Every structure is written in structure tokens, then in C-alpha cells.
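K.L.:
Protein chains in written order, with our numbering: chain A, 96 to 309; chain B, 45 to 198; chain C, 2 to 832.
If you're looking for bench data, these hints aren't it; they were derived computationally from the structure. In this text, all values refer to a predicted model and were calculated from it rather than measured experimentally. Certain hints may be false.
Computed cross-link-like contacts, EDC-like style, restricted to lysine to aspartate or glutamate with a CA-CA straight-line distance of at most 20 angstroms [said to hold, decoys possible]:
1) C:Lys143 / A:Asp178
2) C:Lys92 / C:Glu62
3) C:Lys221 / A:Glu129
4) C:Lys143 / A:Asp225
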Amino acid sequence: MAGFIGELLGPFKGFATVMRQAFKPRLTRSYPHEMRVKPQRFHGRHVLNRYPDGMEKCIGCELCAGVCPASCIYVRGQDNPVDAPVSPGERFGFVYEINLLRCIFCGLCVEACPTEAITMTQLFEFSVTDRADAIYTKDELLVQADGTPNHGQPDGPLIDLAELKLADGWMRATSPAGRADFEGVPAWTPSAGVGLRPAERGQSDVTESEEEEA
Amino acid sequence: MTAVDLGPAHAVLEDMAPVDHGHAIPLLQNIQESYGYLPREVLLELSSETGIPASHLFGLATFYAQFYLEEHGRHTVRVCRGTACHVRGRKIIQEAIDEELGIGPGETTEDRRFSLETVACVGTCFLAPVVMIDHDYFGNFDPKKVGEIIGGYE
Amino acid sequence: MPEQPPPEMVTISLDGQEIEVPQGEYIIKAAEDQGTYIPRFCYHSRMKPVGLCRMCLVEVETPRGRILTTACNTPVAPEMIVDTESAVVQKAQEGILEFLLINHPLDCPVCDKGGECPLQDQTVAYGPGESRFVEEKRHFEKPIPLSDIVLMDRERCILCARCTRFSEEVSGDPLIEFVGRGNQTHVITFPDEPFASYFSGNTVQICPVGALTAKPYRFKARPWDLEAIESVSMVDASGASISIETSQNEVVRINGVDNDATNHGWLSDKDRFVFQAIHSENRLATPLIRDDAGDLQPASWGDALDRVADALGSVRGDEVASIGGANNTNEEAFALGKFLRTVVVTPHIDAQVGDALNPEFLAGVTPRAEIGDLDGAATILVWAGDLKEEFPTLFLRVRHAVTQMGAKLIVVHPRRTGLDNIAAEKITYRPGEGPEVVRKLTAQGDQDYGAVRDLLTAGPVIALVGLTGRAEDPRLAEAVAAYALGLPGSKVLPLARRANVFGALDMGLAPTLLPGRVPVKSESGRAELESHWGPLPGEAGLDTAGIIAGLAAGDLKALLLVGADPVRDGRNPDAVRAALDAAEFVVSLDMFLNDSNQQASVILPVDGFAETEGTVTNIEGRVQKVNRILPGPGQSRALWSILDELSSRMGGQLGAGDGPAIAKEIALVAPAYRSMTWDRLEWGPERDGVVMPDRDGVQELRFVPDDSGLRPTAGRLALHSGRVLYDGGTRNTQSPALAGLTPDPAVYLHPRDASALALADGQEVDVAGEFGTVRLRLELDPSLAEGSAYVPANLDSTWVLGVPDVVTVEAQSSKGKKNEKKKGKKKGAGE
Numbered sequence: 096m097a098g099f100i101g102e103l104l105g106p107f108k109g110f111a112t113v114m115r116q117a118f119k120p121r122l123t124r125s126y127p128h129e130m131r132v133k134p135q136r137f138h139g140r141h142v143l144n145r146y147p148d149g150m151e152k153c154i155g156c157e158l159c160a161g162v163c164p165a166s167c168i169y170v171r172g173q174d175n176p177v178d179a180p181v182s183p184g185e186r187f188g189f190v191y192e193i194n195l196l197r198c199i200f201c202g203l204c205v206e207a208c209p210t211e212a213i214t215m216t217q218l219f220e221f222s223v224t225d226r227a228d229a230i231y232t233k234d235e236l237l238v239q240a241d242g243t244p245n246h247g248q249p250d251g252p253l254i255d256l257a258e259l260k261l262a263d264g265w266m267r268a269t270s271p272a273g274r275a276d277f278e279g280v281p282a283w284t285p286s287a288g289v290g291l292r293p294a295e296r297g298q299s300d301v302t303e304s305e306e307e308e309a
Numbered sequence: 045m046t047a048v049d050l051g052p053a054h055a056v057l058e059d060m061a062p063v064d065h066g067h068a069i070p071l072l073q074n075i076q077e078s079y080g081y082l083p084r085e086v087l088l089e090l091s092s093e094t095g096i097p098a099s100h101l102f103g104l105a106t107f108y109a110q111f112y113l114e115e116h117g118r119h120t121v122r123v124c125r126g127t128a129c130h131v132r133g134r135k136i137i138q139e140a141i142d143e144e145l146g147i148g149p150g151e152t153t154e155d156r157r158f159s160l161e162t163v164a165c166v167g168t169c170f171l172a173p174v175v176m177i178d179h180d181y182f183g184n185f186d187p188k189k190v191g192e193i194i195g196g197y198e
Numbered sequence: 002m003p004e005q006p007p008p009e010m011v012t013i014s015l016d017g018q019e020i021e022v023p024q025g026e027y028i029i030k031a032a033e034d035q036g037t038y039i040p041r042f043c044y045h046s047r048m049k050p051v052g053l054c055r056m057c058l059v060e061v062e063t064p065r066g067r068i069l070t071t072a073c074n075t076p077v078a079p080e081m082i083v084d085t086e087s088a089v090v091q092k093a094q095e096g097i098l099e100f101l102l103i104n105h106p107l108d109c110p111v112c113d114k115g116g117e118c119p120l121q122d123q124t125v126a127y128g129p130g131e132s133r134f135v136e137e138k139r140h141f142e143k144p145i146p147l148s149d150i151v152l153m154d155r156e157r158c159i160l161c162a163r164c165t166r167f168s169e170e171v172s173g174d175p176l177i178e179f180v181g182r183g184n185q186t187h188v189i190t191f192p193d194e195p196f197a198s199y200f201s202g203n204t205v206q207i208c209p210v211g212a213l214t215a216k217p218y219r220f221k222a223r224p225w226d227l228e229a230i231e232s233v234s235m236v237d238a239s240g241a242s243i244s245i246e247t248s249q250n251e252v253v254r255i256n257g258v259d260n261d262a263t264n265h266g267w268l269s270d271k272d273r274f275v276f277q278a279i280h281s282e283n284r285l286a287t288p289l290i291r292d293d294a295g296d297l298q299p300a301s302w303g304d305a306l307d308r309v310a311d312a313l314g315s316v317r318g319d320e321v322a323s324i325g326g327a328n329n330t331n332e333e334a335f336a337l338g339k340f341l342r343t344v345v346v347t348p349h350i351d352a353q354v355g356d357a358l359n360p361e362f363l364a365g366v367t368p369r370a371e372i373g374d375l376d377g378a379a380t381i382l383v384w385a386g387d388l389k390e391e392f393p394t395l396f397l398r399v400r401h402a403v404t405q406m407g408a409k410l411i412v413v414h415p416r417r418t419g420l421d422n423i424a425a426e427k428i429t430y431r432p433g434e435g436p437e438v439v440r441k442l443t444a445q446g447d448q449d450y451g452a453v454r455d456l457l458t459a460g461p462v463i464a465l466v467g468l469t470g471r472a473e474d475p476r477l478a479e480a481v482a483a484y485a486l487g488l489p490g491s492k493v494l495p496l497a498r499r500a501n502v503f504g505a506l507d508m509g510l511a512p513t514l515l516p517g518r519v520p521v522k523s524e525s526g527r528a529e530l531e532s533h534w535g536p537l538p539g540e541a542g543l544d545t546a547g548i549i550a551g552l553a554a555g556d557l558k559a560l561l562l563v564g565a566d567p568v569r570d571g572r573n574p575d576a577v578r579a580a581l582d583a584a585e586f587v588v589s590l591d592m593f594l595n596d597s598n599q600q601a602s603v604i605l606p607v608d609g610f611a612e613t614e615g616t617v618t619n620i621e622g623r624v625q626k627v628n629r630i631l632p633g634p635g636q637s638r639a640l641w642s643i644l645d646e647l648s649s650r651m652g653g654q655l656g657a658g659d660g661p662a663i664a665k666e667i668a669l670v671a672p673a674y675r676s677m678t679w680d681r682l683e684w685g686p687e688r689d690g691v692v693m694p695d696r697d698g699v700q701e702l703r704f705v706p707d708d709s710g711l712r713p714t715a716g717r718l719a720l721h722s723g724r725v726l727y728d729g730g731t732r733n734t735q736s737p738a739l740a741g742l743t744p745d746p747a748v749y750l751h752p753r754d755a756s757a758l759a760l761a762d763g764q765e766v767d768v769a770g771e772f773g774t775v776r777l778r779l780e781l782d783p784s785l786a787e788g789s790a791y792v793p794a795n796l797d798s799t800w801v802l803g804v805p806d807v808v809t810v811e812a813q814s815s816k817g818k819k820n821e822k823k824k825g826k827k828k829g830a831g832e
């Protein structure tokens, strides 16, 4: 009996849903004329960072390649030239390639990197017309001397440089070594040349020292 | 590098013969006695004469503070930096001696008259601050008398 | 291995469990054999314990209560109670690791050891998790070269003394040592004296941290992207077990594998770094055919094989000869032998390039010793080339037997050898006077060599017999073996140097041998083989010297060179070159161009070490498996597949479909290899290799050496042409890490000879022999017998000299200059 009445009312329920949605704020954007603000922890294309003095952070340790579940990273290290070192230390990343067709943007490479050389940006527009172009080499991945990532699009509506420079906010979703003691300690460095920003909060209960400060 | 006369080394070896691994330390002591230090060429010669590997001799020579691998001064000035001497002003003494000799600890004057060293303790804390020159002790060392004391050694 | 009495067993309690272990064994070993791993850094099973690192602390019950003691140097005792995981032990382990990490830099991502580092692993497993040490760590200049190959990072060193103990105890060249004291202690060489050891690579392998690194592997790959496969070193014939490790289809390093029967895990640097030649840009990658203008042009396999098949088919079978095959696997050697005997139908086959011993002696001398017999020997007689130069891993085994197992060593050689310093007796003789030494040793009542003869009365005696130098009469070794076999409890280990020469002989690559150690002259043996293969030539063929003469005389028309370079290895380089020129057709199957195949009509690229799968046989007759981890470069192919295709083009049937098929046929037709299968060598207890013939195998050939017909040497200076480890051979020169280690060519004379000839140390002199002249620097060497001249064989310039019995040495003269010019021109034309 109830079922019969329910069926009768069905169309009206549908109308009600449509009417409710019609007055909700719209999510659709007229991309590419209008860009969405991407979340800070957005998993976009990778960059290889530099230290503020211009040295490369990558030491060619291949941990990113080792941890990559899609096996899309290829790294080779080499002895650092003594007179013109590329990175601090004995070894530098001589070859660095990411096959973005294979990459699943999981971010494990970023987690694994001991020097925070590889981070992810907000860049997500990298359609290619040739499969070989999807293999990003060190030239394309390495940020410029001032920390600006290389990108394939012209500066303008598609690229928000200010947003790009904030693009590593998602890092260290858990605090270093997973220990709450380190919360509030900025344990990461941002993309080169863009300065230090406060650490994230909210990973565990607020610590005593923070309460005192507050 | 100037050639080193191996004659004294052979004399020492002859005196001590037969020399085997167990005699390495007295051997080095005797060599240092005749040369004042342990020249590289002599160490290599000792090694080929006795069969003690050169690397072992080098290891011994670097382990013991008593051995010198570079030409050493005729006199050794040792400034004690033990606790007692430290609290009684060894820093001032050190500065005075450095200035007088014109060298720092671990160095030798150009005329090879003095070598300067610091030692952890000479065991005469009741004399602190103390300085040793060769086998002589100078207790309650007065930095003003540095020139006078040093002058007594040629 | 020789039979040893079972050790006395004692019962101890390990972590509350009663176990039986051999009396006198160290706790750490006893526990490991029972499956309890005690962490360690300094302990190494092949070296004496020192108890330096303190990582292996365990608790042992004593009358004074439970005490912490090092498991690595505490032998078990009856009723001992050992606890390896008590709270006290754990606290001790945490403490030790925290101490070790005080000064150990945490540059693991940069460090080559990171990922396979015992310090890393054990810190994770037994460490405290965090350090209380917040101060600055000790700093040293980052890696400093100890030698051309090995680098030392003193910051990372944890002072376990594995490397210094290895070089003193095992390799016998203590060039590195602890230096300094306190927190400044570090390992280094004597100032400006390089760590020039033939075995320096082992220290890199056993370093428990990344302190010692080797240049060829430095920053090449990370442990987790290495692919590894076990194999056998093909540098010499001692059969050292190795693991070949590749990354991205490139061999990046070779490590020793502990094989109780052969190398104990140690390798020479040549074994370890010769892999660089695999990736040399000079590797042949396509077939080459000589065009009408006389130039070598790349060609397709089809064209090249057609050309070879036509040429070999257009002459009589017995006008074809083959030299080489001793660096290939048994399967390849067998396929080559079958191809020559059944498809081409020729008996002129020689795997040894005219510079080695009688094949029947090498394959058939009995009783033949195993390497393991050295450990049980009372006396070891080495009458062969300098083992350190020719058989480095066997050299270590002899050293082990003498320094650790108490054997007495007698060395007979024309010059000093690497073993002299541990030898009880040394006989230095003038080359050519070996027979005299044998006679004196044999003759009763002779006054000379009394001490040697006394030592030789104590058995068991193991005699290592080979050619002392290339100018030596090969029959001397047989005379020595004949003498040695008369000694108490004696066994002979015949030595020949090419990597798989014993396998090649066992597969019938000799003029006098058929597969499976069957002499050609044995009617029954040949009949047995003919039942599988059809009719075979009944007479013995020509050896390399005969082949060269035959080619020059026009009796032979075509020649196969299988990885052989007879110009460099022959007695008379010019004569060999002339013979190659006289040949109508020369086909070379090789990995590189060399002095011999430059003039070949067709050159076919073959797969080599690490690119082929199969078995090899070492000096003992031990068969081991070699494995493939890489494809060959470009279009290169496996030797057996080339031969199979050639056969079908020549209308024959080789049946060499793949490696396993050939292996099965070997087991079928070769009596000594009757029970051999790849499965036996790959799985189970026989992975260390099996000495053939085993339970089912039959040794048909029993060679009884005799000492007749030795040629005497007359002349002022008898030549001693000894081999050196880093020679001018192709593999060595194509490996950048090794190429620079080749010694400068020189001629060595006894000081009295030099002064008699009015020559001074360091002077440039002309050394002339029957076959050529070469200008060399003179060095004085009092270890030589008077009346002899030592010239290292096969260096870039010395090979021109050939191998005359006697040489003349004179101060640089105008005549010499002319000769050299002529020589230089000829060489230029050859290239």
C-alpha cells in the first residue's frame, strides 16, 4: 500500500531535488577562462628544487625511483665535479626523468626524498601529442634559479605564479618521523627562493607550549 | 725532499739485531734518538730490512705522541693544559710563549731550536701552572719570565 | 673436500634451547648454524675474530654470574648457557650502536652502501631509535683515494678492522693500517704508498659501512635496483664463484660468493673489475666481411654465414683447422668440437694457443688433487707460474693452507713469486735447468736440496704443477708431476691458465682428445662416440704449432679462430702472422678485434661472459654453472647458435638447439660427464660445483707423465717469460679500471749479469731473440737466477719478442734501432 503511494509521489520528489539543486552555488567553472583555486596539497606535476644559493637539492639517491609504485622515475647519480659542484655533497642527480604517462601522482616520491628535492606543484596541464614528450627530463623538472617552476604554458590565465609558489603546502601531512613532538616545527623547506612559511597544524592535539603561547 | 742518510738507521738495526715485530716500538725510539724524528725514507728502509710492514710502523708512529714524523726542534716546550694549570692561567702562559717563539702548538721554529706542544697533564699539579722544556720542569710559571727561561736553551 | 674426522660435539644452552655444537667453535658461528643471528660488524667467517666492534655481545652464565661477552671470540664450552636476547644484551646492543653512530655521518642517501649496509640494517633491527648525541660529528676530508681503484671515506669508518685484517691475514699485503689514536683513528696507507694490492676489491666488499668504495661502482646504481645472478669468474681456471650484478642491463659490479670448494668468497681485482670490458665500445656488434678492397665492412648474418659456409665447404675437411675455444662454456666448446669433427670433418682442433701443456696430461693426470685438499696437506709443492699473477684466488687458498692450516710450502720458480715470503723452502733455478733440479731432487744421496727433500717426505703432498714461464719446455711440468706422484700421499693439481681450458679439453677441443676425456687413439672410446656421431677421423690432428706450420706450407687452407689471438700468444709472432696471411680463408668468432683477426676474411661477433649460459670446468675438474644476465651487444649471437646455423648451411646437422639440449648430449656422449645436468648445479647441495667424473662418470684417460725428451737450453741468457695479472690482453685493456694498472714493460737481469754486460739499472736496452727485438728499460732483480732474463709476457711492447729460449741484452745500438723500425712498420701494416 505504502509502496503504491510512494510510487505516485516519486516524480514530485524528483522535482524537489531539481529545485533544491537549482538554488545551490554552482561548482562548474568555465575553464580555461576561469580557474579554480586548487587546494594547497594538490598533487600536480613534480618539480626539482634548488637551495636558495642555486644548488640543486637532488643528490641522485634514487629513493624516489625505488619507492615509486608505478616505476616511472629513472635517476642516475654521478660524482659531483669538485670545482663546479651541482649539489652539496659527493653525488648529484645526473639523470632525472619522470614518465608522466605512468605516474599516478601518489606523492610517495616526495615522501621518500631525503632532501626535499622533489615536490609537487599545482601544475596539471601537460597534455602531449607525442608519447615521448610525456617523459619529463631534468631540464624541464628543475626549477629556475629563483625557484619558479618551468611550465609549458605561456604566463597568463593558465598560470598563477603566486599559487605555484605556495604549492608545497601539502607536504609532511604527518610530522617528521610521525612524532607529535615535532608539530609546529617547520621541518620542510619550500620551493627555492620562496621563503619559509609556518608549519601546519592540526595533525594531533595542540601541544602544551602552543597553548601557553595562545 | 733532501736525501736522508740511512747510515744511522743501519747502525741501529745492527745494534738491535735480530729485529722482529715485537721490537717495533724500541726500534722507532732508537731511530728517533739518532735522527730526532722518523724520516719517511728511514721508515721504508726499516720496513724492507725487518719485514715489518711500513703501514704498521706508520700506525705506531702516529699512535704514540712521542714519535715525530717531521723534523723536530732541538728542544721541546710542553705547556700543560691540565685542569689545575688551566685554572691557574695556562692560557696567558700559552699566549706569552706563542709570542716569544712566534709559533703555535704543534709547530717548530724556523731555526729548529724549539718545538711547541701542549700536553694533557704532566702529573705535577702542585706546581701549576707548569711548563716543561725537554726534561726540566718550570712550576708556578711566570709569563713575564718567558724570555729569560727560553733563552737558557740553545 | 677431503674426509675429515667428525668434530667432538658439546651441548650448550642457547636462549633456553639445548643445542649440540662442535667443540671449540665460536658462539657466534654456533648460534648462526642453529638459526640464531647475532649482530656483528668486525666478525667475518673467513678471518680470525678480534672482538673489536662489540656488537656481538651476549650474556653467558659463569661462576661469577652472568656476564656480557663477545660471541665472536668466545669458544663454546660444555654446559655453557648463552642468552642472546636478554634485556641486558639488548641494552648493550643499543648502547654500542649509539656509540658507533656518534661519529658515523648520516649521509646514507649519498652513500653507495645505503640499502645494503649492515650498520643501517642492524641499527633498524637492534638500535635505540634515536641518539642523545647532538654535538657536531667528527670530520675528515671526504673520500681520499687509497689506490687507483679504492677510495676511503674516513668519516664513515667504524674501525672494525675487517679491511686491515684482510690485507694482513688473507692477502698478505698489509698496506693499510690504523693510524692515529682516539677519535682521530682512521685507516690509511703509508703516506704516498698506494694500496696496490691485487685483492683490494675484497676490502670494499667486506666493509660493513660505506667507508671503502670502488671507483667502477661508485654512484653507478643503488642496491635495490640491482639484479644479480650467480656465476663463475672467467678470468682464470680456478673457478671462483661470483655474483654478477646489473642495473638497467649494464653490469655494474661483481662480488665474490663464498664457495667453500674454490675461492672462499675472495676475488682478485681482475675477477672483480674485468666486467667493464663487456660494455667496451670496441665490442664487435655486427658481422664483418672483408670486401674486395680489403676493408672490413658490416654485413648481415645471412651474408656472413653464407660466405663462411661456402669457404669451408669449398675445401677438404682436413684442410680446415681451428684454434681457440678455451674461454667459452663447455656447451659452446662441445658444439664447436662436434661441428669440426662431424660437419667440417677435421681433426685439427686445438683450444690451447700453443703456449700450454700436453692436453692429455692436463685432462688425464691421476690422482688429481682438489683445491680443498690443500687444507689437509702436510706439504705443498708449487712448481708453476707465479700463482699471485696467474691464479690469484688459488694463491689465496695456498696462503690459507700455509698460514692457517700449517702446511709447509715449497716453491720452485725461476724468479721471486708472491708465495716466497711464506715458503719454507724456495728453489730458484735458471730457466731450462728445471730437469736438473728434478734430477737432483730424485737422486738419492745428492747433497743439494736436502731440506726440500726432507719436507717432501711428509705426506700428504699436494703438487701444483704448471708452466713456470712461456719459454719453459712444456714437458718439464710432466717430469715434475712424475716426480711428485712418487711422493708420499701425493696428488697433482695441473695448472693451465685460460678460463675454461679444462672444460674445452674435456669437450674434445684438442688434437688428441674426444669429448669426455677419451683419447682419439682409444679404439673403444672412438667407436662409442661414432655410434652417436657417425664416422670420425681416426688420427690425432695437428696442434697449434702444427696448424701454423700447415697454413704456412699450404697444407691447410682455412682457419677458425675462436676467441684466440695466436699472434700475441704464439712463440713466433711474425711466423703466425705470415701463416694467417697464407691461409685462404680465416673466420674469427670473437668479441673484439685483435692482432690475429685483423686480417680475417669474416669476423662474427659472439656473446661472451655474462651473456651466455652454460657450464665451465676448473683446474680440479669441478663443473660449475655460469649464467646469463645480459643480451650480447648489437647483433652478437651465442657461439652454439652460429655453429648450428653454419651446419645447416653446410648440409650438416649439429642438433645444437639450445644450451640445455647440448648439455644433455654431453651427458650422453662424454663418459666423464655422464651424470652432469644443469639442475644439479643450480639447486641443492651441489651449487658449489661437482668434480667430474663423479659417481657415474668414467675417467677413460689415465695419463702417466714421464720425464723423457726435455730440451736443454744453451746460451748466455735464458728467457723467463712470466705472466703478469694485469697484462696487455684484450679484456684487461678494455676495462678502464684495470688498464692503468698494467706494469711498465721492462727486462729484468740479475745484478751480476748486468754488470758483466756493463749495463746499469734503468738503462734502455735492446732485447733480441730468435723472433724479434724489443727495446726495454733494464731493471735489476737479484731474485732471478744468474744467466737468465725476465721479460713479462704479453705487455703492449714485450709480445713482439715472441718466446725464444735465449735472448741477448745489449745497450741501445743503431742496429737495434733499425730492427725496431722494421718491426714498427710491420705492426703498423698489420693494423
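K.L.:
A separate judgement is required for each hint: does it hold in the structure or not?
P.N.:
Hint check results:
{"no.": "1", "hint": "C:Lys143 / A:Asp178", "result": "holds (15 angstroms)"}
{"no.": "2", "hint": "C:Lys92 / C:Glu62", "result": "holds (17 angstroms)"}
{"no.": "3", "hint": "C:Lys221 / A:Glu129", "result": "violated (47 angstroms)"}
{"no.": "4", "hint": "C:Lys143 / A:Asp225", "result": "violated (44 angstroms)"}
Violation of the numbered hints given earlier is confined to hints 3, 4; the remaining hints are satisfied by the structure.
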